[in-house]
Amino acid sequence: MIILDEDIGIKKIKEFHGSIRKEMDANNEVIVDFSKVKRIDLSLVQVILSAGRVARKRGKALKLKGVSDTVKFQMQICGLKT
Amino acid sequence: MGEAGIREIFLNEAREILTNLESEIVQLEERAGDQETINRVFRYIHTLKGSSGIAGFKAIYDFTHKLENLFDDVRSGTLVVNNKLVDLILNSIDWVKAAIFDSDRDSVKSERLLQTLVKRIADCKGTETVKNTDMTPVVSQQPQEIATTEDGHIQSEYKYFRIRAYFKDDIFETGIDPLAIIEDLLSLGTLIIKGVFKDKLPELDLLNPEKCYLGWDLVIKTSKPVSKLHDVFIFVAEDNHIVIEDITDAFYEKKEGKVYHQEKKIGEILLDKGIISETELEEVVEFQDTQRSKIGNLLVKKGYATENEVDEALREQEELKRKIEHNTIRVDTNRLDNLLNLLGEIVIGQAGLAGIADELDDEMGFRLKNALYGLDRTTREFQEQIMSIRMIPIGPTFEQFRRFVRDSAQVIGKDIKIVIEGGETELDKTVIERISDPLKHMIRNSIDHGIETPEIRFSAGKPKTGTLTLRAYHQEGNIYIEISDDGNGIDLDKVRKKAEKMGFLNKDEDVTRERLLQFLFQPGFSTAEKVGDLSGRGVGMDVVKTNIEGLRGMVEIKTEKGKGTMMRIKLPLTLAIIDGMLVSIGNYTYIIPLLSIVESMQPKKEEVKTIEGKGEVILVRGEYVSLIRMYELFGVEGIHQNPWDGLVVIVESGNDRVGLLIDDLLGQQQIVIKSLDTYITRSRAVSGAAILGDGKVALIIDIHGLIEEIYRTIKGDII
Chain A
853 MIILDEDIGI
863 KKIKEFHGSI
873 RKEMDANNEV
883 IVDFSKVKRI
893 DLSLVQVILS
903 AGRVARKRGK
913 ALKLKGVSDT
923 VKFQMQICGL
933 KT
Chain B
17 MGEAGIREIF
27 LNEAREILTN
37 LESEIVQLEE
47 RAGDQETINR
57 VFRYIHTLKG
67 SSGIAGFKAI
77 YDFTHKLENL
87 FDDVRSGTLV
97 VNNKLVDLIL
107 NSIDWVKAAI
117 FDSDRDSVKS
127 ERLLQTLVKR
137 IADCKGTETV
147 KNTDMTPVVS
157 QQPQEIATTE
167 DGHIQSEYKY
177 FRIRAYFKDD
187 IFETGIDPLA
197 IIEDLLSLGT
207 LIIKGVFKDK
217 LPELDLLNPE
227 KCYLGWDLVI
237 KTSKPVSKLH
247 DVFIFVAEDN
257 HIVIEDITDA
267 FYEKKEGKVY
277 HQEKKIGEIL
287 LDKGIISETE
297 LEEVVEFQDT
307 QRSKIGNLLV
317 KKGYATENEV
327 DEALREQEEL
337 KRKIEHNTIR
347 VDTNRLDNLL
357 NLLGEIVIGQ
367 AGLAGIADEL
377 DDEMGFRLKN
387 ALYGLDRTTR
397 EFQEQIMSIR
407 MIPIGPTFEQ
417 FRRFVRDSAQ
427 VIGKDIKIVI
437 EGGETELDKT
447 VIERISDPLK
457 HMIRNSIDHG
467 IETPEIRFSA
477 GKPKTGTLTL
487 RAYHQEGNIY
497 IEISDDGNGI
507 DLDKVRKKAE
517 KMGFLNKDED
527 VTRERLLQFL
537 FQPGFSTAEK
547 VGDLSGRGVG
557 MDVVKTNIEG
567 LRGMVEIKTE
577 KGKGTMMRIK
587 LPLTLAIIDG
597 MLVSIGNYTY
607 IIPLLSIVES
617 MQPKKEEVKT
627 IEGKGEVILV
637 RGEYVSLIRM
647 YELFGVEGIH
657 QNPWDGLVVI
667 VESGNDRVGL
677 LIDDLLGQQQ
687 IVIKSLDTYI
697 TRSRAVSGAA
707 ILGDGKVALI
717 IDIHGLIEEI
727 YRTIKGDII
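Taken in sequence, the protein lines are chains A and B. The opening position of the first sequence corresponds to residue 853 in the numbering used here, with each subsequent residue numbered one higher. The opening position of the second sequence corresponds to residue 17 in the numbering used here, with each subsequent residue numbered one higher.
The set of hints was computed from the structure by calculation and includes no laboratory data. Beta carbons: idealized from backbone N, C-alpha and C, even for Gly. Some clues are possibly wrong.
Between beta-carbon pairs, the in silico distance windows are [claimed, not checked]:
#1 A:D857 / B:S239: 37 to 43 angstroms
#2 B:K135 / A:D857: 51 to 57 angstroms
#3 B:N55 / A:D921: 21 to 27 angstroms
#4 A:D857 / B:D507: 54 to 60 angstroms
#5 A:E881 / B:K135: 52 to 58 angstroms
#6 B:L352 / A:K915: 54 to 60 angstroms
#7 A:K915 / B:S243: 42 to 48 angstroms
#8 B:D118 / A:E881: 57 to 63 angstroms
#9 B:K281 / A:K915: 29 to 35 angstroms
#10 B:S243 / A:M853: 45 to 51 angstroms
List time: in silico DSSO-like cross-link candidates among lysine-lysine, alpha-carbon distance up to 27 angstroms [what the hints assert, rightly or not]:
#11 A:K915 / B:K513
#12 A:K915 / B:K317
#13 B:K478 / A:K912
#14 B:K579 / B:K513
#15 A:K866 / B:K227
#16 A:K912 / B:K317
#17 B:K318 / A:K924
#18 A:K917 / B:K317
Which stretches of chain A does chain B cover? Using the computed rule of at least three CB atoms under 8 angstroms from a CB of chain B, they are [what the hints assert, rightly or not]:
#19 868-878
#20 881-894
#21 897-903
#22 926-932
Looking at chain A on its own, in the form it has when it is part of the complex (with noise of 0.2 angstroms):
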């Protein structure tokens, strides 16, 4: 699982990047926990939308926890279906 820091946003992109890319790769299932998180920027969830396209490739499960209504929101804006 991958905890969310609240202050994740472009400068902290590259590390969630590379964190996603190997739980990728060495579980099926992978769970991005949302819970601190309050608001969100496009970078993350370019790298969400990216996951998951990969995700269902390769039969595997990438779920978000915890996300608030905002970070729904503005998920929909972008046309992430959560």
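Use these hints to put chain B onto chain A, whose structure you have.
The following block gives chain B in isolation, referenced to the frame of chain A:
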């Protein structure tokens, strides 16, 4: 137009509006925050109010005005859609229906009910001013002012803007987050269409997370001036591709149903809304070609869209179809029936002329036949045109069951979702009128006996909500209607035991699964342990079958234990005219529907046998087929008593084939079906009669009924 004309138009409109309203309100209960449905419900109530006022139905105008005010609160987000509100609106619809259509209603009771409803509306408005939190977050909660033009159309004071925003890939380096910009933009109005372009987004391993790949194509509805929209992009407008376009005129026309020239496919709607990308759509379209599956199902299966999104797109598609502009006039259906009867007379006259042509000398006969051939083409086309006018979509009939399913499920504590597919499938209006009751009965059976209670479903690992699917489609000149549920299926052991008990089957007698299921259509046959309020009394499925066969249709059941049951009705496209083969038996002419004929043959003497338990049979390409001596069946004197002297017509119905011994084939022609009085139609072997060219009457053989009759009378058996 006179007052009576206006009232007549209103009555027709009101019926349609109330059916739609009922269906929409039940759907709204399932998706409480759906703004599109809320708007549609509001529009229906608004139109009903306006039309009733014009037509002089003052009580209905006053009441629907109150209802409109109540629903305005839902539209503006200050009133929550819940079970109580849905019940109130459904009860209100019932009252309006009775007030318009039920002239025998008890006026005192009606007035009392009206007062109760008015009070409930007032209570609802007074107490439930709770902010709706279930609204989808994409749609903003601004109240919408709706004004009405003189012609009754809803007019919006808002403007529609299309915004295309594509950002440079290094925009993050400037500290700007495009998502925040789009959020700011959406705070200015209501999002109408959302398109998100994700095509440039690479695979996870190739993705540079510090680059921007996404773009947007949006339509928003706002009361703000365009400058406010430009302000949102003030820091990015120069270096990025930002286009803001006022599309109010085009969009208004489209949205309010003034001009629609082409239908949209589900994929296109989902693409327009930004739910799927072009790549995803292309992928499933390609996949669809190999799988022959529905695109919506594939999108859900692949995880590109949710079931709700596909359902919403389907509804939009239906709405679009409804709004496609047609030049239409209302015609009394009796006039259409008269037109069809007149066409029938022309067909009979043509057959008479064809008979005369046979009696003329070669040259004259040939010339007349040639002329008749041309006339025949025209009358066939004429017939198709009239039939197409009589065809109406089954959608509204399906839709009216939404309320029925909801109410029935509620009574017995079940949770059931209804899914409608193929509502655009068109059927002859007579078929639609007569299919409604059998459908209702089958739906009732599924609700009562098929779908389990939420607790049982949960313990069986199924979703608590059961699904009842109504589906219609055309296939090979027939119409199919399926009623399927994902319930517990039919217990075939119980059916067998009951059949044995009722004496239809001997103990240990071999019987196919299909045959066993046919026992369910026997009068008094029910395997239900409890007699429910809805069904289980063993009364009905036999009537269902008789009704469907009365429409020259068939019904079959497929079931799987634990997984569900599907009842499929097969119906002919039209009830009025068929292609028939004229055959002679003795001095009489009979008609066999051409669609039922497989072949005709003259068997050899050694191919005719009698097999114990099967009766007389003939060998047709290594397979024994029961032989029916038609002269015996109809009690007439046939010319040929031996099959090897006469002709045998092999006919089929479902999986059954039989051979009919006749004297001769007289030729094929279009047959106008005339119904017979009940004392003749007691025999299921006859479905009607036709007047031939020479004025004689010929009976039309009902192959399905005949096979059943034969099993019953000759073999003492039941299929």
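Okay, the hints, checked on the actual structure:
1. A:D857 / B:S239: 37 to 43 angstroms: Holds, at about 40 angstroms.
2. B:K135 / A:D857: 51 to 57 angstroms: holds (55 angstroms)
3. B:N55 / A:D921: 21 to 27 angstroms: Since N55 (chain B) and D921 (chain A) have Cβ atoms about 23 angstroms apart, the given range 21 to 27 angstroms holds.
4. A:D857 / B:D507: 54 to 60 angstroms: Since D857 (chain A) and D507 (chain B) have Cβ atoms about 57 angstroms apart, the given range 54 to 60 angstroms holds.
5. A:E881 / B:K135: 52 to 58 angstroms: holds (54 angstroms)
6. B:L352 / A:K915: 54 to 60 angstroms: holds (58 angstroms)
7. A:K915 / B:S243: 42 to 48 angstroms: Holds - the Cβ-Cβ distance for K915 (chain A) and S243 (chain B), about 43 angstroms, lies within 42 to 48 angstroms.
8. B:D118 / A:E881: 57 to 63 angstroms: holds (59 angstroms)
9. B:K281 / A:K915: 29 to 35 angstroms: holds (32 angstroms)
10. B:S243 / A:M853: 45 to 51 angstroms: holds (47 angstroms)
11. A:K915 / B:K513: violated (50 angstroms)
12. A:K915 / B:K317: Roughly 17 angstroms separates the two Cα atoms, so the pair holds.
13. B:K478 / A:K912: Between K478 (chain B) and K912 (chain A) the Cα gap is close to 23 angstroms, so the pair holds against 27 angstroms.
14. B:K579 / B:K513: holds (22 angstroms)
15. A:K866 / B:K227: holds (11 angstroms)
16. A:K912 / B:K317: Given that 27 angstroms is the threshold and the Cα spacing comes to 14 angstroms, the pair holds.
17. B:K318 / A:K924: Holds - the C-alpha atoms of K924 (chain A) and K318 (chain B) are around 21 angstroms apart, at most 27 angstroms.
18. A:K917 / B:K317: holds (22 angstroms)
19. 868-878: That given contact holds, which follows from 5 residues of the region 868-878 of chain A lying within Cβ reach (below 8 angstroms) of chain B.
20. 881-894: holds (count 3)
21. 897-903: Answer holds; 6 residues pass the 8 angstroms Cβ test.
22. 926-932: The restraint on the region 926-932 of chain A holds, since 5 of its residues have a Cβ under 8 angstroms from chain B and three suffice.
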